[in-house]
Amino acid sequence: MIKLIDIIDFLGNEVIEIYGEPSKVKIKYLKAADEVDEYTLDFINTIRIDKQKIAEMSLARAIIVAGSIIYSDSLKAQSKVIIVVDQPKLAIAKIGNEFFAEKIKPRIEPSAIIHPDAKIGKDVYIGTNVKIGKCIIGNYVQIFSNVVIHDGVTIGNYVVIKPGAVLGFEGFGFEKDSLGNLLKFPQLGKLRIHDHVEIGANTCIDRGALKDTIIGYGTKINNLCHIAHNVVIGQNVIITGHANISGSTIIEDYVWISPNVSLRGHQRIGKGATIGMGAVVTKDVPAGETWIGNPAKKI
Amino acid sequence: MIKLIDIIDFLGNEVIEIYGEPSKVKIKYLKAADEVDEYTLDFINTIRIDKQKIAEMSLARAIIVAGSIIYSDSLKAQSKVIIVVDQPKLAIAKIGNEFFAEKIKPRIEPSAIIHPDAKIGKDVYIGTNVKIGKCIIGNYVQIFSNVVIHDGVTIGNYVVIKPGAVLGFEGFGFEKDSLGNLLKFPQLGKLRIHDHVEIGANTCIDRGALKDTIIGYGTKINNLCHIAHNVVIGQNVIITGHANISGSTIIEDYVWISPNVSLRGHQRIGKGATIGMGAVVTKDVPAGETWIGNPAKKI
Amino acid sequence: MIKLIDIIDFLGNEVIEIYGEPSKVKIKYLKAADEVDEYTLDFINTIRIDKQKIAEMSLARAIIVAGSIIYSDSLKAQSKVIIVVDQPKLAIAKIGNEFFAEKIKPRIEPSAIIHPDAKIGKDVYIGTNVKIGKCIIGNYVQIFSNVVIHDGVTIGNYVVIKPGAVLGFEGFGFEKDSLGNLLKFPQLGKLRIHDHVEIGANTCIDRGALKDTIIGYGTKINNLCHIAHNVVIGQNVIITGHANISGSTIIEDYVWISPNVSLRGHQRIGKGATIGMGAVVTKDVPAGETWIGNPAKKI
Chain H
37 MIKLIDIIDF
47 LGNEVIEIYG
57 EPSKVKIKYL
67 KAADEVDEYT
77 LDFINTIRID
87 KQKIAEMSLA
97 RAIIVAGSII
107 YSDSLKAQSK
117 VIIVVDQPKL
127 AIAKIGNEFF
137 AEKIKPRIEP
147 SAIIHPDAKI
157 GKDVYIGTNV
167 KIGKCIIGNY
177 VQIFSNVVIH
187 DGVTIGNYVV
197 IKPGAVLGFE
207 GFGFEKDSLG
217 NLLKFPQLGK
227 LRIHDHVEIG
237 ANTCIDRGAL
247 KDTIIGYGTK
257 INNLCHIAHN
267 VVIGQNVIIT
277 GHANISGSTI
287 IEDYVWISPN
297 VSLRGHQRIG
307 KGATIGMGAV
317 VTKDVPAGET
327 WIGNPAKKI
Chain X
37 MIKLIDIIDF
47 LGNEVIEIYG
57 EPSKVKIKYL
67 KAADEVDEYT
77 LDFINTIRID
87 KQKIAEMSLA
97 RAIIVAGSII
107 YSDSLKAQSK
117 VIIVVDQPKL
127 AIAKIGNEFF
137 AEKIKPRIEP
147 SAIIHPDAKI
157 GKDVYIGTNV
167 KIGKCIIGNY
177 VQIFSNVVIH
187 DGVTIGNYVV
197 IKPGAVLGFE
207 GFGFEKDSLG
217 NLLKFPQLGK
227 LRIHDHVEIG
237 ANTCIDRGAL
247 KDTIIGYGTK
257 INNLCHIAHN
267 VVIGQNVIIT
277 GHANISGSTI
287 IEDYVWISPN
297 VSLRGHQRIG
307 KGATIGMGAV
317 VTKDVPAGET
327 WIGNPAKKI
Chain L
37 MIKLIDIIDF
47 LGNEVIEIYG
57 EPSKVKIKYL
67 KAADEVDEYT
77 LDFINTIRID
87 KQKIAEMSLA
97 RAIIVAGSII
107 YSDSLKAQSK
117 VIIVVDQPKL
127 AIAKIGNEFF
137 AEKIKPRIEP
147 SAIIHPDAKI
157 GKDVYIGTNV
167 KIGKCIIGNY
177 VQIFSNVVIH
187 DGVTIGNYVV
197 IKPGAVLGFE
207 GFGFEKDSLG
217 NLLKFPQLGK
227 LRIHDHVEIG
237 ANTCIDRGAL
247 KDTIIGYGTK
257 INNLCHIAHN
267 VVIGQNVIIT
277 GHANISGSTI
287 IEDYVWISPN
297 VSLRGHQRIG
307 KGATIGMGAV
317 VTKDVPAGET
327 WIGNPAKKI
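Residue numbers (the working numbering), protein chains in the order written: chain H, 37 to 335; chain X, 37 to 335; chain L, 37 to 335.
So here's chain H without its partners, still in its complex pose (with noise of 0.2 Å):
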């Protein structure tokens, strides 16, 4: 059980204002709407119209909020504590990192196969049966099992690498010859990843042909994602899980990619735009828009 009081200390200036008698409020969980009980620390989603209703319905006994709640005489009958802020999603997420989240502990388990001449960053977390080439990994990394890393990699700091991924291995590129054999063209290129990234499950990260594979600063990707040879993905975009982004794209900063989406290739996708889910873009795609469809076109 964790004291409101400390929640709300948290929180800091991030609190706008309070309603009710936190001292004696004590919190066990986080939970859903739809199973939230006293111990819960609920929250109300900026985007709801109904928020004096949810709170006033809510079956717990403290609730984050944005803005124009009304202290009513059935909130104070009910001794709950209203805690206005500006983000209550963004507050649930800082509250349940900081009190609620499993902590990894630094450690590199003992099958982990680690190249005797990578550089690993202090405070990292490495797997089980994880492989390690030649690499420079940064500070804070968090590596789990079975990870597979060839040489050439570069990792910033704070990233995070869930099971299974395949992150620097030879791209996908062919020539044929006179027979009509497919012969490999040579993958020379590093992949390069940048601070705070997040890479899924099963994702596969392929190295550069003739220059760089770069995910930017921020970036989420989550499972079963295929990052081609030659990929430069900009800052704080999100790729969701089965994205295929084919060779030589060019993501810029805060794009959105949805589900099962295919980008053909030597494509730009321009900063802000979002693309929906199951999208087919053959095309580059303008800075702020969103394409859907097969093939996909502008909304």
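The hints are simulated quantities; they were obtained by calculation from the structure and are not laboratory data. Among the hints, erroneous ones may be present.
No copy is singled out in the list; a pair is fine if it fits within one copy or between any two copies.
[Said to hold, decoys possible] DMTMM-like cross-link-like pairs, simulated, lysine to aspartate or glutamate; straight-line CA separation at most 25 Å:
#1 Lys-247 / Asp-70
#2 Lys-220 / Glu-71
#3 Lys-155 / Glu-145
#4 Lys-125 / Glu-211
#5 Lys-112 / Asp-73
#6 Lys-220 / Asp-231
It should be emphasised that the depicted structure is a prediction, and the values quoted were computed from it without experimental measurement.
On the provided structure of chain H, position chains X and L as indicated by the hints.
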């Protein structure tokens, strides 16, 4: 070589009628239609309308069929044995599993790494380099090489998990802060897998965010699927290859999800619905309906 | 640094003509067009129509081109060496593989777990934590970390298998019993992989049900593909990322399967056909045709 009479014994009262003399027939294997020979136990699918002709043309000495076959002079002259049952392919499945399929012997491979507080049932197979956290695992479970199961996962009885599956890791949820950076939303739920579930190779199933991800009794999931946080799947659901089930989707009993389907999340797929190959489904699908296309629509 | 004359020697009679004096030129690397410098061996793709201008503007001292280049005063003044061949990119591929690409030394990593009755050819590389059942594996094969190969798989010579691939496990086949439960249909076939095949990271290829799954000579399969039971693939087929090839599909020689393609199964893709990105193909595709869309149609 297996005696046909032993197979007939095994089928027991599923056998409706037998034509011909089984006592001297021996069976070596099951084969596909174009590879049948005299040592094969052949079968004719219920949907075939030319059953009589197939039976007469088959090179096999023993054939399992459903209804409406006449023990013609031709079949008699060939000394064929015709075994009549209700569902020939189901009978062949049972025979194959009993007499011809490999049996995986219960065993925990020495390279498996299992949390000391994990509870493992009886007669389980745990393959090479499997990693199991602090979990509860039932009886008669098979977990193949390189599967990674995080703390807090509950697995029922008779569950099969193929190589490289990743179970119970953090879902993909982020909140944008005022600088546009992506802060992880805590993933505090669990993953619960009921009895008789099968999970394909390299498939990933995330644990819930604020509630649990649940896979219901008898559900079969093929290779390379992504099942996101908070998804709740009912009983005897079929989920085929590359399906992408986004967060908080509810899939009711007996649904069929075809290859490469994308479900948007926060939606319900009603009982017995069929989602066609490559469908991009952004809405609720009522029970029993079939939806196809991008975007998916009812047919 | 590599002497240009050694590279010219290696190309042998592929060299049609040389302009300029190669004897003192040294090469450090191959680079993408926008990173070319004086130490680069540059090349100009056959399809470029502005070859003369590219050659004159290149910062490289040595350039491989096809036909129709004039050794202009500008090229002469820069002391450039122009090497004329039929297929410049193919020549660069050969040069890259010979002089610049990493060579994987044959070796079996101590953490690999290999069935005592497996037959392993000569000069193979088997990476960390690979699991190989009772299989036959040819010569000059490379199998990278965490690959899992079930009993009964046959692999030819010069095959490359990238990390996390899962080969030869049970296909996804079930029969519904009278209670609506799903009974496994036995998967009794094998998986056979011919010479010079490449299999991508985390790709899964199932063994056959009643017959074999077959991958033909020289076929290249990219990351995260699913090849189901009984699929038969011909020679020199290209299968790109996230392709989903359902059961009993026949793919003839020289077919090109683009990213995220879904093939329904029990169908034939004719010789040299091209299936476009994201295509959902439910019918047979005649030889040489190109199909795109959901559902896929001929263009």
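Each hint, compared with the structure:
no., hint, verdict
1, Lys-247 / Asp-70, "between (50 Å within a copy, 9 Å between copies)"
2, Lys-220 / Glu-71, "between (55 Å within a copy, 22 Å between copies)"
3, Lys-155 / Glu-145, "both (16 Å within a copy, 22 Å between copies)"
4, Lys-125 / Glu-211, "between (51 Å within a copy, 7 Å between copies)"
5, Lys-112 / Asp-73, "within (18 Å within a copy, 74 Å between copies)"
6, Lys-220 / Asp-231, "between (32 Å within a copy, 14 Å between copies)"
The earlier numbered hints are all upheld by this structure, with none contradicted.
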